[in-house]
Structure formats: C-alpha cells, structure tokens
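**Q** Now for the letters of each chain:
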Amino acid sequence: MSEFLEVENLKTHFPIYEGSFFPKVKAVVKAVDGVSFHVKRGEILGLVGESGCGKSTLGRTVLRLLDITEGRVSLDGRDLAPIKGKELNRYRTQMQMIFQDPYASLDPRMTVYDTLAEPLMVHNIVPKADLTKEVSRLMNTVGLAPRFMKKYPHEFSGGQRQRISIARALALRPKLIVADEPVSALDVSIQSQILNLLLDLRKELDLTMIFISHDLSVVRYISDRLAVMYLGKIVETGDSKEVFENPQHPYTKALLSAIPQPDPKRERDSKRILLEGDPPSPLNPPTGCSFHPRCAYATAECKTTSQNLAPVGKNSQTLAACHRIGQF
Amino acid sequence: MALISVKDLKTYFHTRNGVVRAVDGISFDVEAGKTLGIVGESGSGKSVSQYSLLGLIPMPPGKIESGTAMFDGQDLLKLSGEKLRKIRGKRISMIFQDPMTCLNPYMKIGDQLIEPLLTHFDISHEDAMKKAAQALKNVGIHETEKRLNSYPHQFSGGMRQRVMIAMALITEPELLIADEPTTALDVTVQAQVLDLIKKLQQEINTAVIFITHDLGVIAGVADEVAVMYGGKIVERGSTDDIFYNSQHPYTKALMASIPATHAHGERLYTIEGLPPNLTKAIPGCSFAPRCGECEDYCKTTKPELEVMESPSHESACLKYQKEHRA
Numbered sequence: 001m002s003e004f005l006e007v008e009n010l011k012t013h014f015p016i017y018e019g020s021f022f023p024k025v026k027a028v029v030k031a032v033d034g035v036s037f038h039v040k041r042g043e044i045l046g047l048v049g050e051s052g053c054g055k056s057t058l059g060r061t062v063l064r065l066l067d068i069t070e071g072r073v074s075l076d077g078r079d080l081a082p083i084k085g086k087e088l089n090r091y092r093t094q095m096q097m098i099f100q101d102p103y104a105s106l107d108p109r110m111t112v113y114d115t116l117a118e119p120l121m122v123h124n125i126v127p128k129a130d131l132t133k134e135v136s137r138l139m140n141t142v143g144l145a146p147r148f149m150k151k152y153p154h155e156f157s158g159g160q161r162q163r164i165s166i167a168r169a170l171a172l173r174p175k176l177i178v179a180d181e182p183v184s185a186l187d188v189s190i191q192s193q194i195l196n197l198l199l200d201l202r203k204e205l206d207l208t209m210i211f212i213s214h215d216l217s218v219v220r221y222i223s224d225r226l227a228v229m230y231l232g233k234i235v236e237t238g239d240s241k242e243v244f245e246n247p248q249h250p251y252t253k254a255l256l257s258a259i260p261q262p263d264p265k266r267e268r269d270s271k272r273i274l275l276e277g278d279p280p281s282p283l284n285p286p287t288g289c290s291f292h293p294r295c296a297y298a299t300a301e302c303k304t305t306s307q308n309l310a311p312v313g314k315n316s317q318t319l320a321a322c323h324r325i326g327q328f
Numbered sequence: 001m002a003l004i005s006v007k008d009l010k011t012y013f014h015t016r017n018g019v020v021r022a023v024d025g026i027s028f029d030v031e032a033g034k035t036l037g038i039v040g041e042s043g044s045g046k047s048v049s050q051y052s053l054l055g056l057i058p059m060p061p062g063k064i065e066s067g068t069a070m071f072d073g074q075d076l077l078k079l080s081g082e083k084l085r086k087i088r089g090k091r092i093s094m095i096f097q098d099p100m101t102c103l104n105p106y107m108k109i110g111d112q113l114i115e116p117l118l119t120h121f122d123i124s125h126e127d128a129m130k131k132a133a134q135a136l137k138n139v140g141i142h143e144t145e146k147r148l149n150s151y152p153h154q155f156s157g158g159m160r161q162r163v164m165i166a167m168a169l170i171t172e173p174e175l176l177i178a179d180e181p182t183t184a185l186d187v188t189v190q191a192q193v194l195d196l197i198k199k200l201q202q203e204i205n206t207a208v209i210f211i212t213h214d215l216g217v218i219a220g221v222a223d224e225v226a227v228m229y230g231g232k233i234v235e236r237g238s239t240d241d242i243f244y245n246s247q248h249p250y251t252k253a254l255m256a257s258i259p260a261t262h263a264h265g266e267r268l269y270t271i272e273g274l275p276p277n278l279t280k281a282i283p284g285c286s287f288a289p290r291c292g293e294c295e296d297y298c299k300t301t302k303p304e305l306e307v308m309e310s311p312s313h314e315s316a317c318l319k320y321q322k323e324h325r326a
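Protein chains in written order, with the working numbering: chain D, 1 to 328; chain U, 1 to 326.
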C-alpha cells in the first residue's frame, strides 16, 4: 500500500532581498531544507522541535499555503507540487489547518454561522437550503450547542473558540489535518478536552493528522509516529513510543531529557542534558551536521560532513541523522 | 522566621460589570532560600496576588481590600510609593512572563541592566557596567562587551529571558517573584533557565515565589506548593504532599488531566464546566459545580483551609476535612 501523504526532499527557502529598485537576493533562509517523511492513512504524525526549527513552515508548505521551493508532496498518490489554480482549490478541501491561537484565527466580526458557512458556500459542499443544518451538524461534532450559532467569537471561552476553529477545519470534510500547536494557548483542563476531541474525531472521520507542538508530553500522548526537527531538517523519526523510550540522536536525547515531569521524586533524581546556547540561525547554518556546535559527542567529521537519515539498527524502524549513532 | 508573610490578602477589581474578586483572602509565608510554587489556571488570581505585593495593580479599577504582607517588619501593602520603590527592584525583584515585551526596545541591554544599580546604590557608571558584565556571565551570556551594547531585538527569546533574570538578580534580592518565567520558552531553554534560577538561589539564598500552570515545572523547582482556584488557595503543602497525597479534588483533577500522567491515546480526564465567574458571590465552595465528589453541604458552606495529616499540609475541601476528622 502506498502511503497517504508522502513528502520527499521538500525545501522551502525564503530569499531575503537587498535594494528596492533592482532587488538582489542577499541571503536565503532555508526554513525547510530537504525533508522527507510519510504518513499512513489515519495516522497521527507528531512534529516537534524548538521555535524556529521550521516545523510550522513545513506544515504550511505541505498544505501549499507556502510555495514549494523544491521537492515532492503527494497526497493519496497524487503529486501536489505542480497543481495550480482551480485544481489546487479543489485539493484544498482535502487538507485543512487548525491554528494555534483561537483568539487570533477567528474573524471577530463573523458569527459562528458565518465562519462555518463560508467554506461550505465557497466549495459548494451542501445546497444553500441545507446550510443551517450542516452548520448545526458541525457544531454538534465538536461539542458546541447549535443554539450558539449566531454568537460572535468574543462571546466564547478559549476552549470553545478552539472548537469553532476545529469545526471550520472539518467543514470541508478533509482527509488531512495539520494542527499547528492546537492546544498551546489553552489551560490544562481545557487542553485535555480538546485532545480528547481530536482523538475522537480521528476515529470517527478517519482523519490523518500532522500534529505540530513544542509540548513534548502532549505529542507523546497523541502521536503514533514522531519526527524531530532541527534547523530545517528532520534529525530523527520513527515510532513515537520507540523514539520517546529510546532516543538515538543526541538532540532528541537532550530534548526529551528537558521535559519536566510532574513527579517531584523523579525530578530530583533526573539527570538533565543541558544544551549550551540557542539554536543557530537558519540564515547562517553551521557546516557539517547543524547540531555539532551544541553536541557533546561531536567529532571532527561532524564539523565537515552532514549525515542523512539512516536506520539506527536492524530491528528498529527508527531513522536518525547522526554519524555516531550507537557509539555513545 | 518567614521572610515574607502574607495574611488574608484581598484584591478586588471594581468594574462596570461588577466587583471581580480576583484574589479573595489568601495567606502564605515564604522562608529565605526556599521556593513557593503557585499553580492554577488562567484567572485563578495567581499573578494578581503577587502584583498586589509590589503595588503593581492599576488602581482604580483595582483595590486592595484587606490583608497584610509583612516583609522585614514592614507591611508592603501600607507602604508609601516612595518607600515601596526603595524595596521593589532592590530587595524584591520580579521576572515577568514575556521577555519579548518586558525589555525596553529603545535602551541598550547594558543601560537597562545597570538601572536598578544606579537607582538603589551609590555606584559609579563604570562599576555598575562591570557588575552588569558579570551578571550576564552568570546567566551564561558571553561576549559581554558586545552584548551590553546591543539592543533587545538582537537577542533571541531565551537570551532575553536570561537578561531579565540577570536584571532581577543584579541587586541580589532577598525575594524573587517569577511569573511564568519559562512559559514562553522552548523546553531546552526552559531547562537552562530553571537550572540557572536554582543555582543563583543557592548562591545568594534568595527566596523565590514561582508562578506557573505547568505541574512538571513545579515538581522540579518548588519546596512548597499552593494551588489556587477562583481567587483562593484551595490546597497548600510540601511538593510531595501535593503530588503524592493530594487532599483536594481540584488538585487531583488537575493532575489527572495532564497528558504526562496518561498512556498513549488513553482517554484524558477532563474537568467539566468552566472556572467560576468571580463577579458573582459564591455561597459554597467555588469548585463545587465542577467537582466530581461534591456533596450537598459543599454548595452552601464556604470551606476554609484546614490542616490535614501532616501539619504543613492544608486543604480547603469540606469532604476531605470531614473524612480526616473521622
């Protein structure tokens, strides 16, 4: 069986121009720089990494909200990169996004009905006469009472607003959802409601999901497979449970060891791997392996040549991009 | 003796929509060199309670209705603006949540760093700059010469937060109030910052009040924990008491709803309903409408904190108190 979503050697570069009359490219930010991964139908891929590592850019490029610089994105066997115009619009119904901040991603001047009916009208999902019925159905799906249809976003709490943006994403009956930090702006008790909802919806609607988050305990909980990004590249990917229990790449190790545990005894005994400094700028990435300036295990080889993703062992599905896998 | 002792603090906001009882009678002590963690959801009053101590509440609409906050024999809540300014930023400093907005974008880092020194001490500009350079080194920022002459936008988020910490600690305060200091940061940088606060705390024996909604962070930094809900402290105790032997349904529900305590894909526990509307007077326990263990008397009787098994552990749950007494 072919994979539902396949991404091959995807690059998203942002040129920075200098001069206003005859602009010249001064530099290129390689936000996503040669990423390959695949997601099976109905699977949740967790995408983690520090801010600025390119995880949101990757999500947006997959949805074609940003232009692909190079590479291939294929959904259900069809390459999306060359699709343009009307045909791309048709494909957009199959892929939707849930944004981080439910305070900013909803139009304050549109009622819930307006927000949910707009995509339905644009893409002719249901006949006009059935709009109200469909909006009610969507609201029920995400656990909102349809009687709130005529209310504005400011009349809802943060959790309810996130439900509205989930309903909006579901309106076009998509197959793929990219959720970009969907619970980061919410309180813990509300966060758990939204996570439960996402898992229910996945089951009911057979959704495939890319779940982007910097909160690793949330990703560990929700995702089937995991991809760890660092400076525009995936440095480790594999079965979520396996990677969390037995991380191979030094960056993954450090990232996972930094998660605070809600358990005072374990916290007192825990040995954190403290990384020095901040991630380098994608404008001027280090030579060789981009993690080597912060890596405790770096050798001369790491400084000059980079390593591609490679299997870490015979019995493992995990891939990691490190010269020294298994040597520490 | 406690370094700071707060008794029955009430901060209300008088708004057009009624009186918001943001902080409604809380008491706590912090000893030198110790860390008090305050947890709670948005709107539970955790930040307002600390802003009240430093006179940072906009008045009106805010008003401190009652309470005392004894710090070295003086009541912070009754001090004049001038006297409070002598303490604030010198003996008590604060780290705010958002490093992006809390530094002055027009001022060089060095000038901002030495401001508390020049204000509170009789020190030359040159000596102050030397101290500022050392303070930056202490928080792990190198090339201090260059960095002191940079502007905040030239720093990353993690570095700005470290600058804020350096600024808060440059006067070697006796009390540090940290309001969600790591919430805006990545885990790796969070680990650095927490490590740093701990190290500096040991060096200068500072007491820390650490506000956060992240139970994982609290487990790592706090000696004592106060859980706030609806403007009140509903449970207080040593970190172990709270995490391993919680005596309040809200604390338990909070612990049960975080993904870290669940297996992969296992249904998460959810607290139904919404936090209370603080403009309305609540006759009974404010958590009663959302509580799974609620009894009839919970809806009519106001609970007070009461000592549970260990003397340091207090809970404001009528049902648990009754069971404990029996």
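Since the hints were made in silico from the structure, they are not lab data. Beta carbons are placed, not taken as given, at the ideal position from N, Cα and C, and that holds for glycine. Keep in mind that the hints are not guaranteed to be accurate.
Claimed, not checked - Covered stretches of chain U (chain D as the covering partner; in silico rule of three or more C-beta atoms under 8 Å from a C-beta of chain D):
{"#": "1", "stretch": "59-72"}
{"#": "2", "stretch": "149-161"}
{"#": "3", "stretch": "182-192"}
{"#": "4", "stretch": "253-260"}
What the hints assert, rightly or not - The list that follows gives simulated cross-link-like pairs (lysine to aspartate or glutamate, DMTMM-like), each with its CA atoms no further than 20 Å apart:
{"#": "5", "chain 1": "U", "residue 1": "K34", "chain 2": "D", "residue 2": "D200"}
{"#": "6", "chain 1": "D", "residue 1": "K40", "chain 2": "D", "residue 2": "D200"}
{"#": "7", "chain 1": "D", "residue 1": "K203", "chain 2": "U", "residue 2": "E266"}
{"#": "8", "chain 1": "D", "residue 1": "K265", "chain 2": "U", "residue 2": "D240"}
{"#": "9", "chain 1": "U", "residue 1": "K198", "chain 2": "D", "residue 2": "E276"}
{"#": "10", "chain 1": "D", "residue 1": "K253", "chain 2": "U", "residue 2": "D240"}
**Q** Give a verdict on every hint.
**A** Structure-based check of each hint:
1. 59-72: It is violated, with 0 qualifying residues against the three required.
2. 149-161: n = 4 at 8 Å, threshold three: holds.
3. 182-192: Result for this restraint: holds, n = 7.
4. 253-260: holds (count 7)
5. U:K34 / D:D200: 44 Å, violated
6. D:K40 / D:D200: 18 Å, holds
7. D:K203 / U:E266: Distance ~13 Å between D:K203 and U:E266 Cα, so the pair holds.
8. D:K265 / U:D240: Holds: D:K265 and U:D240 sit about 8 Å apart, inside 20 Å.
9. U:K198 / D:E276: 17 Å, holds
10. D:K253 / U:D240: 27 Å, violated
This entry does not satisfy hints 1, 5 and 10, going by the numbered hints stated previously.
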